[in-house]
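Chain by chain, the residues:
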Amino acid sequence: MRTLLSISIATTFAIALLAPLNAQTSPAAKSDAAQSYSPPRTPDGQPDMQGMYTRNGAVGLEAHPPENPIDPSGKNALSVSARAGDELGPYPKIFGEGGRALRGGKGRQQRRLGIIDPEDRNLPWRPEQDAKRRDFLIHMNPPADLRHVELNARCALPGIFQGEDNNNPFQFMQRTGEVVFLYDYNHTSRVIHLDGRPHLGKDIRLFMGDSIGHWEGNTLVVDTTNFNDRTSYSREIPYFSDSLHTIERFTIEDANNVGYEVTIDDPVLFTRPWKVAGYFSKVPKGFESLEFACAEGSQTLIDMFGIPPQR
Amino acid sequence: MTHHPCSVSIICQPPFRAASEAQTIKIRRMIPVAAALLSVFLLAGIPAAGQARDAKAAPATPGRTPDGKPDFNGVWQTMNTAAVDILDHTGQLGQPPGLGVVEGNEIPYTPAAAAKQKENYAHRATDDPTEANCFMPGVPRATYMPFPFEIVQTPKQVAIRYEFAHALRNIPMDGSPHPEGVPDAWMGDSRGHWEGDTLVVDVKNLIDQTWFDHAGNFHSDALHVVERYTLTDPTHALYEATIEDPKVFTKPWKISMPLYRHVEKNARLLEYECVFYLQEERFKDAPFHK
Numbered sequence: 001m002r003t004l005l006s007i008s009i010a011t012t013f014a015i016a017l018l019a020p021l022n023a024q025t026s027p028a029a030k031s032d033a034a035q036s037y038s039p040p041r042t043p044d045g046q047p048d049m050q051g052m053y054t055r056n057g058a059v060g061l062e063a064h065p066p067e068n069p070i071d072p073s074g075k076n077a078l079s080v081s082a083r084a085g086d087e088l089g090p091y092p093k094i095f096g097e098g099g100r101a102l103r104g105g106k107g108r109q110q111r112r113l114g115i116i117d118p119e120d121r122n123l124p125w126r127p128e129q130d131a132k133r134r135d136f137l138i139h140m141n142p143p144a145d146l147r148h149v150e151l152n153a154r155c156a157l158p159g160i161f162q163g164e165d166n167n168n169p170f171q172f173m174q175r176t177g178e179v180v181f182l183y184d185y186n187h188t189s190r191v192i193h194l195d196g197r198p199h200l201g202k203d204i205r206l207f208m209g210d211s212i213g214h215w216e217g218n219t220l221v222v223d224t225t226n227f228n229d230r231t232s233y234s235r236e237i238p239y240f241s242d243s244l245h246t247i248e249r250f251t252i253e254d255a256n257n258v259g260y261e262v263t264i265d266d267p268v269l270f271t272r273p274w275k276v277a278g279y280f281s282k283v284p285k286g287f288e289s290l291e292f293a294c295a296e297g298s299q300t301l302i303d304m305f306g307i308p309p310q311r
Numbered sequence: 312m313t314h315h316p317c318s319v320s321i322i323c324q325p326p327f328r329a330a331s332e333a334q335t336i337k338i339r340r341m342i343p344v345a346a347a348l349l350s351v352f353l354l355a356g357i358p359a360a361g362q363a364r365d366a367k368a369a370p371a372t373p374g375r376t377p378d379g380k381p382d383f384n385g386v387w388q389t390m391n392t393a394a395v396d397i398l399d400h401t402g403q404l405g406q407p408p409g410l411g412v413v414e415g416n417e418i419p420y421t422p423a424a425a426a427k428q429k430e431n432y433a434h435r436a437t438d439d440p441t442e443a444n445c446f447m448p449g450v451p452r453a454t455y456m457p458f459p460f461e462i463v464q465t466p467k468q469v470a471i472r473y474e475f476a477h478a479l480r481n482i483p484m485d486g487s488p489h490p491e492g493v494p495d496a497w498m499g500d501s502r503g504h505w506e507g508d509t510l511v512v513d514v515k516n517l518i519d520q521t522w523f524d525h526a527g528n529f530h531s532d533a534l535h536v537v538e539r540y541t542l543t544d545p546t547h548a549l550y551e552a553t554i555e556d557p558k559v560f561t562k563p564w565k566i567s568m569p570l571y572r573h574v575e576k577n578a579r580l581l582e583y584e585c586v587f588y589l590q591e592e593r594f595k596d597a598p599f600h601k
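Chains as they are written, first to last, in the numbering used here: chain A, 1 to 311; chain B, 312 to 601.
So that you can see chain A by itself, here it is in the shape it has in the complex (with noise of 0.2 Å):
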């Protein structure tokens, strides 16, 4: 104990660096200006996408969420910003906001960002499923065990959905037979093969699933299966099951923009797939992404649960 306590002083830390992004950043491109832009290659003949982005608006919100058991806005009940009188709260607002609603960019072009299918935003749930995880939300807060624990707040890799938004910079890294994601977030990493190699076996599970890719294009199609159960979408949503399947297609559309979709298909939630979209935008030349420690300094079970008894 006493090590873990001491190393939590030390530890935690990343580096942003991105407050005047948006503002910069044009978003959009057009989808005939995707085809008409010629990228640089890499010296395996890769469309070159490399550098270091952010990614926007990716992660929406379904039409009639549930009500976020954390959520700040002091709208829902069981949150704990709502829970003023008792020890749990209040809650800081500056604090977690859930999924948002995202109907399009706000930049000189329109985009639609976030769930584009099904078009009204209504999820193809199985209506047990959904009346599960609705029951699941309500166990989170304040959590009924660590099951009901948010993998972030655990430490634990993110998924492909996580850890991605919210300004954490993020860089594409090309090799022969390879592009790699490096996020600022929590120091994940993710490979995706392009040599053709099938996926793993069933018996491997992954938080980050187990990627292999191809170009078409300029669009990099990247299909994703091996997840565990584990992984989330957002706050409202705040698992799948092992049986997740996504494609996903990274648009190079200029020199700072690349497209982002993904098909969502886990047959054990949903009774078909649904597709999400974004983008990544450039950074400003002359930033850096330096360690985001976070196991190393947090302490976020013990103030759940408290200290574990010595076994």
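These aren't lab readings, by the way, just hints derived from the structure by calculation. Some clues are possibly wrong.
Derived pair list, reagent style DMTMM-like, types lysine to aspartate or glutamate, alpha-carbon separation capped at 25 Å [stated by the list, open to error]:
| hint | chain 1 | residue 1 | chain 2 | residue 2 |
| --- | --- | --- | --- | --- |
| 1 | B | 595 | A | 135 |
| 2 | A | 275 | A | 223 |
| 3 | B | 595 | A | 303 |
| 4 | A | 132 | B | 596 |
| 5 | B | 380 | A | 195 |
| 6 | A | 285 | B | 491 |
| 7 | A | 132 | A | 150 |
| 8 | A | 285 | B | 378 |
| 9 | A | 275 | A | 145 |
| 10 | B | 595 | A | 150 |
| 11 | B | 562 | B | 399 |
| 12 | B | 576 | A | 223 |
| 13 | B | 558 | B | 491 |
| 14 | B | 467 | A | 303 |
| 15 | A | 202 | A | 223 |
What you are looking at is a predicted structure, and each value in this text was computed from that prediction instead of being measured.
Add chain B to chain A, keeping to what the hints say.
Leaving out everything else, chain B in the frame of chain A:
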């Protein structure tokens, strides 16, 4: 337009019973850095990967990257027991014996530091930051953890991804200096350059919380590590690290060991989420009955 750094990140989420502690969990800073890290545009006139190769494609030299450097890209691992003890050590229950990796098999501790190492050793079962607490191993320990790591090499940047605790190092190769005034980091701040065919990585800004091994060999925040990676053939490399820390050692000392390339066709890193597994064990009965 301003963005609160914590507007969604859960790491910023305060503990439910002590909101103020969130501040210790995360400090975000902005640093100016002289050199840009961004894209490397090499125009090679080759069609997309996976498509037919163009006649203009530059012939690749075996063992070299397209820019002519030794090719370290791939998955590597050591084959030794240095994570148990970097010095010579005999076997113990659950601890394999092994030859040391320290030149001369001696670490030049100051007398006070030698005493501290003995204390660390006595409490290693609970105090080892990496083995007992799953924290990032630091440099050079990450290299010789019994887990693979992957080197991703481009002309202006090298990244090393470690399977253990998904530790990650970003190594600018653009001649930029170590940043001033940033907090110490578990994996330090790395800047790389080439000396002939040797990849040299200068590491500073290392936090004083990591150990070199499970035997409690340690350092302070004055640690300065210079790593040298040299390919000895396409599937082997020599790893050398010079270790300097005037607060703890009377003079610099050196470790070295071979690195072995994973040659399996489907070689790749998986995930060893040490912290997650440790939480599953420690908090499985939570909430605890008082």
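Cross-check of the supplied hints:
no.: 1; hint: B:595 <-> A:135; result: holds, 21 Å
no.: 2; hint: A:275 <-> A:223; result: holds, 14 Å
no.: 3; hint: B:595 <-> A:303; result: holds, 15 Å
no.: 4; hint: A:132 <-> B:596; result: holds, 23 Å
no.: 5; hint: B:380 <-> A:195; result: holds, 22 Å
no.: 6; hint: A:285 <-> B:491; result: holds, 18 Å
no.: 7; hint: A:132 <-> A:150; result: holds, 16 Å
no.: 8; hint: A:285 <-> B:378; result: holds, 23 Å
no.: 9; hint: A:275 <-> A:145; result: violated, 32 Å
no.: 10; hint: B:595 <-> A:150; result: holds, 15 Å
no.: 11; hint: B:562 <-> B:399; result: holds, 20 Å
no.: 12; hint: B:576 <-> A:223; result: holds, 20 Å
no.: 13; hint: B:558 <-> B:491; result: holds, 20 Å
no.: 14; hint: B:467 <-> A:303; result: violated, 43 Å
no.: 15; hint: A:202 <-> A:223; result: holds, 15 Å
Comparing the model with each earlier hint shows violations of hints 9, 14; every other hint is respected.
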